[in-house]
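**Q** One letter stands for each residue in the lines below.
Number of protein chains: 4
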Amino acid sequence: MNYIFELPFRVRDYECDLQGIVNNANYQHYTEHTRHEFLLSRGVSFASLHERGIDAVVARLSMSFKTPLRSGDSFVCRLALKKEGIRYVFQQDIYRLPDERVVVRATIDTVCLINGRLSDCPELNEIFKDVL
Amino acid sequence: MNYIFELPFRVRDYECDLQGIVNNANYQHYTEHTRHEFLLSRGVSFASLHERGIDAVVARLSMSFKTPLRSGDSFVCRLALKKEGIRYVFQQDIYRLPDERVVVRATIDTVCLINGRLSDCPELNEIFKDVL
Amino acid sequence: MNYIFELPFRVRDYECDLQGIVNNANYQHYTEHTRHEFLLSRGVSFASLHERGIDAVVARLSMSFKTPLRSGDSFVCRLALKKEGIRYVFQQDIYRLPDERVVVRATIDTVCLINGRLSDCPELNEIFKDVL
Amino acid sequence: MNYIFELPFRVRDYECDLQGIVNNANYQHYTEHTRHEFLLSRGVSFASLHERGIDAVVARLSMSFKTPLRSGDSFVCRLALKKEGIRYVFQQDIYRLPDERVVVRATIDTVCLINGRLSDCPELNEIFKDVL
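Residue numbers (the numbering used here), protein chains in the order written: chain A, 82 to 213; chain B, 82 to 213; chain C, 82 to 213; chain D, 82 to 213.
Hint data in this document are derived by calculation from the structure and do not stem from the laboratory. Zero decoy hints are in this set.
Pairs involving identical chains hold if they fit within one copy or between any two copies, as the list cannot separate such chains.
As a list, the in silico DSS-like pairs of lysine-lysine whose alpha-carbon atoms are at most 30 Å apart:
1. Lys147 <-> Lys210
2. Lys164 <-> Lys147
3. Lys147 <-> Lys163
4. Lys164 <-> Lys210
With these hints in hand, go ahead and build the complete structure from the sequences.
**A** Take a look at the structure:
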């Protein structure tokens, strides 16, 4: 996998549920935060896109849960990107550190709404042109 | 306590943390949701206030945690209201059901920002006039 | 779709993010809570399963996001169930109320760990036998 | 204030609500995570305490909200500690970075339950003895 960005994290105890493992919904949070930091690393803020009428939204996702994270764990979320039609398809995989064990594999299809209408997004195309 | 509104809830398992009890931050969520449903019961939506430039925000809160909630518990959040200067002071107490045991006692001071400026809010004063 | 259980909800404002719509991860919360209430409707508590060494965990999920929920929206999460090998496969679809517009379609594969080992679960098989 | 620990953070966009600011309950999360990392910095894990029958719980908290955090903000949560009777009283203040503006001031009283009974906790007293 040709990852082009990664973000390190630590489990926060409030993210663990009564099974003593990170609740599944938090993996979606981790992938979202990683995408937004990836955008920022290229000079674009998700919030400022929203203020200018450009809303990137998730259209579809699939996630496989391989190994649960627990209190005290460190991990990294890595990201690859391709474009299919007007969809930006993120492959986002989470690895526990330091043993690099796979935690989650996720594929997340996002699209842009410009002023509420599904559209191709020239601004994002430009920002991503070296990796698409 | 002269409660003027109440909202029933059930614990959702994702709200419990690795101690097997509801994580403290969720009690703040419960009190917020109860305040917003109280507003709706009087015809006002928190979201529409925001869209019109009126932001009700929490200035200060204090909470005492008496009995933890657990998976499977039902409970009710009750609300009383008074005004002190420009502050709307909510007393919000959570009781486990059906045994009415006290879970949390909270005092939450909220203020209004109108177009970003701290202000008295004629619209809310009008809505609450029978109870203030 | 042969739904066998449903649970009504209302959006809580803290579930909405800066785009003014329910943050995607919350749909995972809604589907989890619906599964756990479905278990309870058949006399089984997720927490008590955990205490007895039986952990139901999500192995894989896919979700399609069709229409975002917003502040003030009511909705219902409906559930169908089939078994494939040792996997319990839940089809969980969320519909906005009262217009029944599709919000999310989700397929969630769960498996059981008994004392930490992936296993078929006689207890759940028994509980679900009339619907599998 | 004699702070003895601090932890840096960045706002994650999913922590912001429809007002475009960090939802209040997240400040409780930030203070909890900071306390747990403080414990870890002294060699004690909150999760392992729980597994050994020692549950540190919040008995009471008060928070003043001074300046809201927004998407893109960095901040630090600083911590001071004193003991009053069997209570460990944490003063936890959040400052926006780099301008050091006060975001939240919080006082959080925690107590220990040892095997479910409110108790003084020799293990924590020992760990904190140089700062109490």
